[in-house]
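I would like the entire structure built from these sequences, with the hints used as guidance.
Taken in sequence, the protein lines are chains A and B.
Quick note: our numbering has the first sequence finishing at residue 260, numbered continuously throughout.
Quick note: our numbering has the second sequence finishing at residue 260, numbered continuously throughout.
Please note that a few of the clues may not be correct.
Straight-line distance between alpha carbons at most 30 Å, and here's what the computed DSBU-like set of lysine-lysine pairs gives [said to hold, decoys possible]: (1) K149/B <-> K189/A; (2) K94/A <-> K52/B; (3) K220/A <-> K157/A; (4) K149/B <-> K111/A; (5) K94/A <-> K149/B; (6) K149/B <-> K73/A.
Only some residues are given here: those of chain A computed to face chain B with a beta carbon under 8 Å [what the hints assert, rightly or not]: (7) F91; (8) W93; (9) Y130; (10) W184; (11) D187.
Since the hints were derived computationally from the structure, they do not count as laboratory data.
Just so it is clear, the structure is predicted and the values come from calculations on it, not from any experiment.
Note that the Cβ used here is the ideal one computed from N, Cα and C, for glycine as well.
So you can see what is in the structure, the chains are spelled out below.
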Amino acid sequence: MATDMIKIAGVSKVYDTTQRGRHVALGDISIDIAEGQFVSILGPSGCGKSTLLYILGGFVEATTGQVLVNGQKVTGPGPDRGPVFQEFALFPWKTVLGNVMYGPLQQGLSKEAATARARELLVLVHLQNYEGFYPKELSGGMKQRVALARTLAYGPKILLMDEPFGALDAYTRTRLQNELLDIWGRDRKTVMFVTHSVEEAVFLSDRVFVMTKSPGHIRKVFDIDLPRPRVRAELLLDRRYQDYVIAIERLMDEQIEEIA
Amino acid sequence: MARLNAIPGVPVLIACLAILLIWDLLSRVVMVSGLPPPWGALQEVPVILTDKESLVNILASLRRMSIGFSLAVAFAVPVGLLMGRSRLVAAFFNPLFMIIYPVPKAALMPIIMLWLGVGEMSKILVIFLGVSLPVIYHSYQGSKAVEEKMLWSAAAMGLGPMARLLRVVFPAALPEIMVGCRTGVVLALITMVTSEMIARQTGIGNIFFNALDMAQYDTVYAMIIVIGILGFLCDWGFEAVRRMLLGWAAPVHDIAVGSA
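Below, the structure is given as structure tokens:
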């Protein structure tokens, strides 16, 4: 058994707001994730799944519990955990190349080395012809490719993806899912992927954690035993894929009925 | 006519001619010595602009204006940026500026003269006060609006709080800062003239109000034209700088000039 790279132990998040009083955003979560695993967190909106990701990233402090990455307690953000957000969060004053170079330059690479590194990644995300463009000149899909390249450029061991394809149209979304699996297949980084799309979670992941509605708990874990590399057209016809999707959808429907 | 509008400068020229025409008509109808026909004033403009003493005065004014403006920007931008990122700093400065904002800065001139005398310092301080507030306000708004996820992305790359303020918050807020500075340039001109009205020694305001006292109305109106042209040139030059610096940004809304 490989050692767990990420250990999330008893993590919860409570907001004390003056308007609404105590708001429990995330209830007691414990998850272990092995190195090189692609893990999805699936849940209805407002269940705190993004909050969990932010806590792992060190952007938000947990109210209770702790997060260990390679045995080290997470106390803040660091280049070992690279985020990719739904909002892209690119630096609008930098060109595509400037955005992707930013991390390597910050790590002390020379300008030449950082440029070379950035160009490598732009080839990887098929944007080698756009290095002089500013973010405002790009489509949503292209912006998210830049954001992914910018994060990969500083070599994080863990990718934290916060509904990264949520703002994209269906066609771009499936294309980027394929590209992401392609890129992931090269060096198998550990990925924590937050989404509310069941099919996306099953298609991409080794494991899917299904969360309950607010305050979010882990309701069930699915080990997705499907061969890789995965090809969408084949999976759609694969009985096992269909079973996973149906089982998870039923589980999520039950929750909605409980609320209604 | 529509074609004519498309030629740069033509609408401005038409507007100027219209003003001169209305002015001419009014001066013929009203027939008071305080409103001479425009042609006398127009003839006076080149006389003023070639007179050595007038030029010395105008340059002295411009010097004050640039010093006051530069000091104000150097002070206001960091304060505004800090206010936008720290609730504590905002809570301290906000009420202070709310009280100062509606006070006409030139009205403080007599008090300032008691502290600093009638010389350069008083005038520069008044210009400084006039320019600071809109620049602080817009820097504050720009800094507050910076996307949290952009800062998180930078934090993951290893930028500390100070580096984030300088290298993320500042450039991200720059379009809004420039809106404040553009208002500031116009306010610098206004406060410069009024301060020289109150403490007359040298400067544009000095020529203007001396001419007024001596009932040299052609000179008075010529000075209004000169001040108008200066304002136009400052704004035009500023806009050129803004466009050069902010090619990456989406166009910003038009600005309104606040109180002096």
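Evaluated hints:
1. Between K149/B and K189/A, the direct Cα distance comes to roughly 22 Å. Compliance with the 30 Å bound is thereby established for this hinted pair.
2. Restraint check for K94/A and K52/B: not satisfied, since their Cα atoms lie roughly 47 Å apart, outside the 30 Å limit.
3. The straight-line distance between the Cα atoms of K220/A and K157/A is roughly 26 Å, inside the 30 Å bound, and the hint therefore holds.
4. Of the pairs offered as hints, the one joining K149/B and K111/A holds, with about 26 Å between alpha carbons and a cut-off of 30 Å not exceeded.
5. This hinted pair checks out: K94/A and K149/B have alpha carbons roughly 16 Å apart, not beyond 30 Å.
6. A distance of roughly 22 Å separates the Cα atoms of K149/B and K73/A; the hinted pair therefore holds under the 30 Å criterion.
7. Of the supplied interface hints, the one on F91/A holds, with its beta-carbon coming within about 7 Å of a beta-carbon of chain B, less than 8 Å.
8. At its closest, the beta carbon of W93/A sits 4 Å from a beta carbon of chain B; the interface hint therefore holds under the 8 Å criterion.
9. Interface restraint check: Y130/A against chain B, minimum CB-CB distance 14 Å, threshold 8 Å, status violated.
10. Using the Cβ-Cβ criterion of 8 Å, the hint placing W184/A at the interface with chain B is not satisfied: the shortest such distance is roughly 19 Å.
11. At its closest, the beta carbon of D187/A sits 19 Å from a beta carbon of chain B; the interface hint therefore is violated under the 8 Å criterion.
The structure does not agree with the numbered hints 2, 9, 10, 11 stated previously, though it agrees with the rest.
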